[in-house]
Amino acid sequence: MPRRRTSPLDLIDVDRLLTEEERAVRDVVRQVIDDRVRPYVAEWYEEAFLPVRELAPVFGGLGLLGMHLTGYGCAGASAVAYGLACMELEAGDSGVRSLVSVQGSLAMYAIWRFGGEEQKQRWLPRMAAGAAIGCFGLTEPDHGSDPASMKTRARRDGADWILDGSKMWITNAPVADVAVIWARLEDGLGGFVVPMDAPGVSVRTIGHKLSLRASPTGEIGLDGVRLPASARLPGAEGLKAALSCLTEARQGIAWGAIGAARECLDTTITYACTRDQFGKPIAQFQLTQAKLADMAVELQKAFLLAVHLGRAGDAGTLRPEQVSVGKLNNVREALAIARECRTIMGANGISGDYPVMRHAANLESVLTYEGTSEIHQLIIGQRLTGLNAFA
Amino acid sequence: MNIVVLVKQVPDSGAERNLRSDDSTVDRGSASNVINEMDEYAIEEALRIREAHGGEVTVLSMGPAGAAESIRKALSMGPDGAVHVVDDALHGSCAVATSKVLAAALRTLSPDLVLCGAESTDGRVQVVPHMLAERLGVAALTGARKLTVDGGTLTVERQTEEGYEVVTAPAPAVVSVWDTINEPRYPSFKGIMAAKKKPLRTLALADLGIPADEVGLAGATSAVVEHSQRPPRSGGQKITDGGDGGVRLVEFLAAEKFV
Ligand SMILES: Cc1cc2nc3c(=O)[nH]c(=O)nc-3n(C[C@H](O)[C@H](O)[C@H](O)COP(=O)(O)OP(=O)(O)OC[C@H]3O[C@@H](n4cnc5c(N)ncnc54)[C@H](O)[C@@H]3O)c2cc1C
Chain L
1 MPRRRTSPLD LIDVDRLLTE EERAVRDVVR QVIDDRVRPY VAEWYEEAFL
51 PVRELAPVFG GLGLLGMHLT GYGCAGASAV AYGLACMELE AGDSGVRSLV
101 SVQGSLAMYA IWRFGGEEQK QRWLPRMAAG AAIGCFGLTE PDHGSDPASM
151 KTRARRDGAD WILDGSKMWI TNAPVADVAV IWARLEDGLG GFVVPMDAPG
201 VSVRTIGHKL SLRASPTGEI GLDGVRLPAS ARLPGAEGLK AALSCLTEAR
251 QGIAWGAIGA ARECLDTTIT YACTRDQFGK PIAQFQLTQA KLADMAVELQ
301 KAFLLAVHLG RAGDAGTLRP EQVSVGKLNN VREALAIARE CRTIMGANGI
351 SGDYPVMRHA ANLESVLTYE GTSEIHQLII GQRLTGLNAF A
Chain C
392 MNIVVLVKQV PDSGAERNLR SDDSTVDRGS ASNVINEMDE YAIEEALRIR
442 EAHGGEVTVL SMGPAGAAES IRKALSMGPD GAVHVVDDAL HGSCAVATSK
492 VLAAALRTLS PDLVLCGAES TDGRVQVVPH MLAERLGVAA LTGARKLTVD
542 GGTLTVERQT EEGYEVVTAP APAVVSVWDT INEPRYPSFK GIMAAKKKPL
592 RTLALADLGI PADEVGLAGA TSAVVEHSQR PPRSGGQKIT DGGDGGVRLV
642 EFLAAEKFV
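So the protein sequences, as listed, match chains L and C. Here the first sequence stands for residues 1 to 391, numbered as in the working numbering. Here the second sequence stands for residues 392 to 650, numbered as in the working numbering.
This is chain L alone, in the form it adopts within the complex:
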């Protein structure tokens, strides 16, 4: 039999679902990741480092940062194009995709959607170009899945605002120029645009991460940070506003996870076809093929789900619980694929010389941030039953 191999996503020809323009966007991002990330990322991961200041202007030049937003230097691309970009970024590394997600879907989106004109003019063009880096502070040391009970407070002092509290697990915080910070007001929650060099703002880099190492994560301390009245996001009313940013980012994550899984599967198929045991390639054993086939099937399903949700996003009909379906399924399946790939790779599966263990470890973070799997199950469960099981 001829040894003809098909790439895992070519199996059912999912490319046919994409427009020429969408494929062009995907190809460029793939090229940039090939040139700028793939050769170096294993090393960065080991060193717990990401050259954010080098990558951001390159990504900005493409139009990757805030690419699905319009105006202010943003590319105005479709949700599907944004998703494909996330897929290629995360095929490189989840940390690289996180940089872009946090910048575009969380920090820029919050300012773009809820900010005043002056805030938009001040921050968005520079963030789109990659000259300014943003982060998004919702989670606190004692409040993760339940941000509504957050402790960080904003109180008025004359016309000014004074912020006190702390934010934990904040992606990009150690390198950021600006943070979108969510805080408790007298009546509900509100969002603030906080320059990271404002007096009273401190950042501690979170070390010892065994996942998402090629992504700077920090704790932000807010100690009597005095901000002018204009720092508040005028349109951001309550928790709903913060959650709408998460809904944006989760779409990209549902796509991104496919990229990580594809990279694992691609690597593993190549490996299994060239690694001989018992006198033949391990890919020729039925047990291996069953694993590969099941993984490839899950990968196609994840892709179809992502395209479906992306098209709904572009049509403006996408609902938050639908995004939960995508985030829950695609990250969970991607993680399962990464782990299964690791078994096929044997000892090399745990080596940094191959991307599989790195992706598997990264996806543990992706499973937790932007709403844990359990939280997405609860969102879907509530939609199915009409009953709220959160508390």
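Take these hints with a grain of salt, some might be off.
[Said to hold, decoys possible] With a Cα cut of at most 30 Å, we get these calculated DSBU-like pairs of lysine-lysine: (1) C:Lys537 / C:Lys581; (2) C:Lys537 / C:Lys648; (3) L:Lys120 / L:Lys280; (4) L:Lys120 / C:Lys581; (5) C:Lys629 / L:Lys280; (6) C:Lys588 / L:Lys120; (7) C:Lys491 / C:Lys537; (8) L:Lys280 / L:Lys209; (9) L:Lys151 / L:Lys120.
To be clear, the hints were calculated from the coordinates, so they are not data collected in a lab. Given the structure is predicted, the values throughout are model-derived calculations rather than measurements.
For this one, chain L is given, so just place chain C with the ligand on it according to the hints.
Below, chain C with the ligand without anything else, positioned relative to chain L:
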């Protein structure tokens, strides 16, 4: 400056490439097709000249209908418009016929400068730029690693095996470039979206006044009589160092013309 860049769609040199079993022409149907790598450098050079001196950049490509995708990709880097010469009769054209068609198309565009890659990764004959210059009656500045435009004077550093030569000529001229000349930009997303709206004009042989029997397989000046698969890679040759290892290595390299 009115610049025309020649762009060819070729099978991806990184993927498996084949000749067709029926007529021994390059199989452009099955392989994934891309812009000929060297042409991206020509596009980049044209864009830089436009940025410095103003003017227009037009992409000119001869190829089957499917080449339109590569033309759009070229446009997404920044050129202003494109002309696609497409005609069933062109299938199997040799370099001589290709240069005839491209020269005819170029005459309709009257460029000040024609830029192209020094070779295509499928044919690799490196003669089309020279043939074009001859047909158009202009200078051929080929194999450039550097190009300077000063008013109507073009100066290139022409890469040779030993070093480089400095050659100048008045515009219009044909300049072919190597991948040492610049670092091509990535198409931006805005560029990709704008490419859809840029003018892409198609021309058939009749539009150029070229009879069908002067091109294609019928008019080819050379023919591939037969072809076979490259033999599988052999095990290579092991040199065990018995004191003369170095000498034998050099002998091997010299015999294979590597040194
Ligand atoms: C690498 C990394 C980067 C991050 N980046 C950011 C960032 O940029 N900005 C930001 O704001 N946050 C960020 N986070 C934080 C992330 O969003 C939170 O970790 C996440 O929301 C979960 O919160 P927690 O860790 O406090 O877990 P907890 O909320 O304490 O949850 C622990 C466990 O309990 C479960 N659980 C909680 N409540 C329920 C319930 N009602 N029913 C059933 N199970 C429940 C959870 O599903 C989970 O399994 C990041 C996290 C990581 C790991």
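Hint check results:
At most 30 Å may separate the alpha-carbon atoms for a hinted pair to count; Lys537 of chain C and Lys581 of chain C meet this at roughly 29 Å. For a cut-off of 30 Å, the pair hint linking Lys537 of chain C to Lys648 of chain C stands: about 28 Å separates their Cα positions. Between Lys120 of chain L and Lys280 of chain L, the direct Cα distance comes to roughly 61 Å. Violation of the 30 Å bound is thereby established for this hinted pair. The straight-line distance between the Cα atoms of Lys120 of chain L and Lys581 of chain C is roughly 20 Å, inside the 30 Å bound, and the hint therefore holds.
Annotation: proposed proximity of Lys629 of chain C to Lys280 of chain L holds, straight-line Cα distance about 26 Å (limit 30 Å). For a cut-off of 30 Å, the pair hint linking Lys588 of chain C to Lys120 of chain L stands: about 29 Å separates their Cα positions. Simply put, Lys491 of chain C and Lys537 of chain C have alpha-carbon atoms about 27 Å apart, close enough for the 30 Å limit, and the pair holds. Note on Lys280 of chain L and Lys209 of chain L: the hinted pairing is violated, with a Cα-Cα distance of about 39 Å set against a maximum of 30 Å.
At roughly 27 Å between alpha-carbon atoms, Lys151 of chain L and Lys120 of chain L fall within 30 Å of each other, so this suggested pair holds.
Hints 3, 8, counting from the list given before, are not met by this structure.
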